[in-house]
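J.: Each chain, written out:
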Amino acid sequence: MIRVSKLTKDYGSRRAIDALTFEAKQGEIVGFLGPNGAGKTTTMRILTGYMPPTDGEAYVAGYDVVAESLEVRRRVGYLPETVPLYPEMTVFDYLMFMADLRHLPSADERVMDTLEMVGMEERADGYIANLSKGMRQRIGLAQALIHKPEVLILDEPTIGLDPAQVVEVRNLVREIGKERTVLLSTHILSEAQQLCDRVLIINKGHIVAEDTPENLQARLVGAERVMLRVRGELDDLPAKIAGIEGVQDVSAQDGGVLEFQFAPGQDVRPEVAKAVVKAGFDLLELRPVGMSLEEIFLQLTSDNASSGE
Amino acid sequence: MRNIWTIAKREYKQYFNSPIAYIVAFMLLVVLGIFFALNIVYFTRNAMATYGSTPDAGIVTGPFAFMLVLSLPALTMRLLADEQRMGTMELLLTAPLRDWELVVGKWLGSFLFILTVIAVTWIFPIILNNLVVPGIDQGILISAYLGIILVSAAFLGIGVGISAMFSSQIAAFFATLVTFIVLWWMIGFPADVLPVGADVFRYLDMKAHFYNSLNVGVINLADLVYYLSLTALGLFTGSAFIEARRWR
Numbered sequence: 166m167i168r169v170s171k172l173t174k175d176y177g178s179r180r181a182i183d184a185l186t187f188e189a190k191q192g193e194i195v196g197f198l199g200p201n202g203a204g205k206t207t208t209m210r211i212l213t214g215y216m217p218p219t220d221g222e223a224y225v226a227g228y229d230v231v232a233e234s235l236e237v238r239r240r241v242g243y244l245p246e247t248v249p250l251y252p253e254m255t256v257f258d259y260l261m262f263m264a265d266l267r268h269l270p271s272a273d274e275r276v277m278d279t280l281e282m283v284g285m286e287e288r289a290d291g292y293i294a295n296l297s298k299g300m301r302q303r304i305g306l307a308q309a310l311i312h313k314p315e316v317l318i319l320d321e322p323t324i325g326l327d328p329a330q331v332v333e334v335r336n337l338v339r340e341i342g343k344e345r346t347v348l349l350s351t352h353i354l355s356e357a358q359q360l361c362d363r364v365l366i367i368n369k370g371h372i373v374a375e376d377t378p379e380n381l382q383a384r385l386v387g388a389e390r391v392m393l394r395v396r397g398e399l400d401d402l403p404a405k406i407a408g409i410e411g412v413q414d415v416s417a418q419d420g421g422v423l424e425f426q427f428a429p430g431q432d433v434r435p436e437v438a439k440a441v442v443k444a445g446f447d448l449l450e451l452r453p454v455g456m457s458l459e460e461i462f463l464q465l466t467s468d469n470a471s472s473g474e
Numbered sequence: 003m004r005n006i007w008t009i010a011k012r013e014y015k016q017y018f019n020s021p022i023a024y025i026v027a028f029m030l031l032v033v034l035g036i037f038f039a040l041n042i043v044y045f046t047r048n049a050m051a052t053y054g055s056t057p058d059a060g061i062v063t064g065p066f067a068f069m070l071v072l073s074l075p076a077l078t079m080r081l082l083a084d085e086q087r088m089g090t091m092e093l094l095l096t097a098p099l100r101d102w103e104l105v106v107g108k109w110l111g112s113f114l115f116i117l118t119v120i121a122v123t124w125i126f127p128i129i130l131n132n133l134v135v136p137g138i139d140q141g142i143l144i145s146a147y148l149g150i151i152l153v154s155a156a157f158l159g160i161g162v163g164i165s166a167m168f169s170s171q172i173a174a175f176f177a178t179l180v181t182f183i184v185l186w187w188m189i190g191f192p193a194d195v196l197p198v199g200a201d202v203f204r205y206l207d208m209k210a211h212f213y214n215s216l217n218v219g220v221i222n223l224a225d226l227v228y229y230l231s232l233t234a235l236g237l238f239t240g241s242a243f244i245e246a247r248r249w250r
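Keeping their order, the protein sequence lines are chains C and F.
Just so you know, we're using this note's numbering here: the first sequence kicks off at 166 and counts up by one.
Just so you know, we're using this note's numbering here: the second sequence kicks off at 3 and counts up by one.
Think of the hints as simulated: they come from the structure by calculation, not from any bench.
What you are looking at is a predicted structure, and each value in this text was computed from that prediction instead of being measured.
A virtual CB, placed ideally from N, CA and C, is assigned to each residue, including glycine.
Heads up, some of the hints might be wrong.
With a straight-line Cα cutoff of 25 Å, these simulated SDA-like cross-link-like pairs (lysine to any residue) come out [what the hints assert, rightly or not]:
1. K15(F) with M261(C)
2. K11(F) with R394(C)
3. K171(C) with R363(C)
4. K15(F) with R335(C)
5. K15(F) with R301(C)
6. K313(C) with R335(C)
7. K15(F) with K343(C)
8. K15(F) with I293(C)
9. K15(F) with M285(C)
10. K11(F) with L337(C)
11. K15(F) with M69(F)
12. K343(C) with N295(C)
13. K11(F) with M277(C)
14. K298(C) with K209(F)
15. K11(F) with D327(C)
16. K171(C) with I151(F)
17. K15(F) with G89(F)
18. K15(F) with D265(C)
19. K15(F) with E253(C)
20. K209(F) with K15(F)
Restraint-style ranges between C-beta atoms, simulated for each label pair [as the list claims (entries may be wrong)]:
21. L31(F) with G291(C): 29 to 37 Å
22. L114(F) with D273(C): 18 to 26 Å
23. I125(F) with G284(C): 46 to 54 Å
24. N336(C) with L114(F): 40 to 48 Å
25. D201(F) with P217(C): 38 to 46 Å
26. A289(C) with A234(F): 52 to 60 Å
27. E281(C) with W124(F): 22 to 30 Å
28. G89(F) with T186(C): 25 to 33 Å
29. E253(C) with W124(F): 24 to 32 Å
30. Y24(F) with T219(C): 55 to 63 Å
31. G89(F) with S271(C): 23 to 31 Å
32. D229(C) with L31(F): 48 to 56 Å
33. Y24(F) with H352(C): 41 to 49 Å
34. Y24(F) with D273(C): 36 to 44 Å
Here are some chain C residues the structure puts well away from chain F; computed CB gaps all over 10 Å [stated by the list, open to error]:
35. T247
36. D265
37. H268
38. D273
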C-alpha cells in the first residue's frame, strides 16, 4: 500500500531525508520512530502529497505521490502534527466541510458515525475553540478517518493526550490497522512497541533499523537482564543460580534481590525459577530489567550520530 | 467546481463569524451614508439656486469605489495567510483539491460577501430615485453598479494573490493596501510626465477604467476585459505562490 524507494528531500542545502526505502502492506501498522528533526514529518508530508520529494519515488495505494497526487490524496487520511482545525467552527460544520471536500455521499450520517467512532458525538454542536487538547486531537483523527481511507498517516497521534485518551486513541488505531494500512510516527517507544507490527527507526534522514518491535529488541539487546527477588536472605542462592547453564553475570543485592542475564533466544527463566523453588526459597518476583527499547533507541540514534553520517 | 463551492461556502460563512468583516461592512455603509447625505444636501442647495443638475447613481458608486480601496484589504488579508499560520494549509493541501480551486474558492467566498454588502447599498439608489423627479438614470445605475462589482472582483483577486504570499495577516493587509493604492491612484501619474510609454500607464490606471466610463454610464468591453484580467492575474499569482510553497 505504501512503497517508498530512495526518497530524498532537501530543504535548501540541508538534507532532511536521504534515500529512504521502505514498504507498508495492507493491514499493517508501521511505526516511524525517531528523535525530533529525524525526517518523520517530512516523509509523511511527501506521502500525503503536501510536497514533492527532491528525488526518489513513493507510491501510496498504487499511485505515484507526485504524478497522481490527487488520487493519492483521495485515498489517504492524514493527521498532521499540528492538528489542523478551525476554532471558530463547530465540530459538525468542520467535519461536514471535510466530508464535502471529499465528495462523500450522505455526508451528515458519515460525520456522525465518525464522531461516534472517536467518542465525540456529544460535542458535535460545540465550537472547536472550546475543546480540550485531547478532544481536538480526536477531531483531527475524525477528519482523517471520515472518508474511510485505505491508508492512514498519523503524525504523533497521541501527543498531548492524557493517559486514558492515549489508550483510547491506540485502541482506535489498532482497530483501523486491522484492515487498512497505518503509518504513524512517534517518539514514545512503548507506543511503537504496543501498537506497531513493524517499527522503522529513523535518525537524521536515514533508516537505522527496521523490524518488529520484539525482534528489534532481541536483535539489539546484547543480553537480557533479569531481576529476581525472594523472601528473606539470598544465602547460597547466587551460587546455585550461577551454576545453571546459560546464566551469566550474577550479582547479589540487598533485600533478597539478585540480578543475572542470559543471551537472547535462550530463555533460562523457567530453569531459574525451578531452581529457586527447589532450593526452598519463596520466589516473589522475576522480571526483565535489561535494556528497554528506550535505551536501544538512544544507543542506536547516538551511535549513528557519532559515526558521522 | 464542487470544490470551489465548498471552499467558497465556508469562507462566506466565516465572514459572518468575524468581527473584521462586520467592521468593514459597517464602515462602508456608514461612510457611504454620510457621503450620500452630504450629496443630497449639496444637490438640493444647488437646485434651489436654480443652477443645479440632477444627481445620478454616481453619487453613491463614486465614493464607494474609493472606499473599496481602503476596506477590501481587510477582507482578503486573512484568506490564505491565516491558513498558513494556523497550520490548516496542510489540511487543504493534502485534501483532494487543486491549488487553483482553493484560491478561486477563497476569492469567490470574499466576492459573495462583498456582493452582499453591495446589495445592502442598493438602498441608496432607491432613496435617490424617490427624491429625484422623474427618477434617476437607470442606465447609469446599472453601469455604475456593474463597475463596483468589477472593481471589487479585481481587488479581491489581487488581495487573495497577495494573501498567498504571507503567513501574517498584517503583512498581507499592508502589502495589499499599498498595491491597491498604487494601482488606483499612483500608476496614472507617470502617464502625465513620461514622453514615451504613457499609454501603458494610462491603460493600467485602475480608477480611469471606472470613473471615466462605467461610473458615467458607459460600458466598454475594454474596461470589462481590464478588470477581469486583473482578477485572473491575482488568482493566478495566488495559485503560483501556493504551488511554489510546496516545492520549497
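J.: Does the claim that D273(C) lies off the interface hold, with its Cβ farther than 10 Å from every Cβ of chain F?
T.: Check passes; 15 Å lies beyond 10 Å.
J.: Falls inside 25 to 33 Å, the C-beta gap from G89(F) to T186(C)?
T.: About 29 Å separates the Cβ atoms of G89(F) and T186(C), which means 25 to 33 Å holds.
J.: Is K298(C) within 25 Å of K209(F), Cα to Cα?
T.: Distance ~50 Å between K298(C) and K209(F) Cα, so the pair is violated.
J.: Hinted pair, alpha-carbon criterion (25 Å max): K313(C), R335(C). Please report holds or violated.
T.: Answer holds: K313(C) to R335(C) is near 17 Å, not above 25 Å.
J.: Range hint 40 to 48 Å: satisfied by the CB atoms of N336(C) and L114(F)?
T.: With Cβ atoms ~43 Å apart, the hint holds.
J.: Please work out if K209(F) and K15(F) have their alpha carbons no farther apart than 25 Å.
T.: 31 Å, violated
J.: Quick one: are L31(F) and G291(C) within 29 to 37 Å, going by C-beta?
T.: Distance hint for L31(F), G291(C) holds at roughly 33 Å.
J.: Quick one: are D201(F) and P217(C) within 38 to 46 Å, going by C-beta?
T.: Holds - the Cβ-Cβ distance for D201(F) and P217(C), about 43 Å, lies within 38 to 46 Å.
J.: Sort out whether R394(C) lies within 25 Å of K11(F), counting only the CA atoms.
T.: Roughly 67 Å separates the two Cα atoms, so the pair is violated.
J.: Does the alpha-carbon distance linking K15(F) and E253(C) stay inside the 25 Å limit?
T.: 11 Å, holds
J.: Holds or violated: 22 to 30 Å for the Cβ distance of E281(C) and W124(F)?
T.: 46 Å, violated
J.: For the range 24 to 32 Å, tell me whether the beta carbons of E253(C) and W124(F) fit it or not.
T.: 29 Å, holds
Checked against the numbered hints above, the structure violates hints 2, 4, 7, 10, 12, 14, 15, 16, 20, 26, 27, 30, 34, 35, 36 and 37; every other hint is satisfied.
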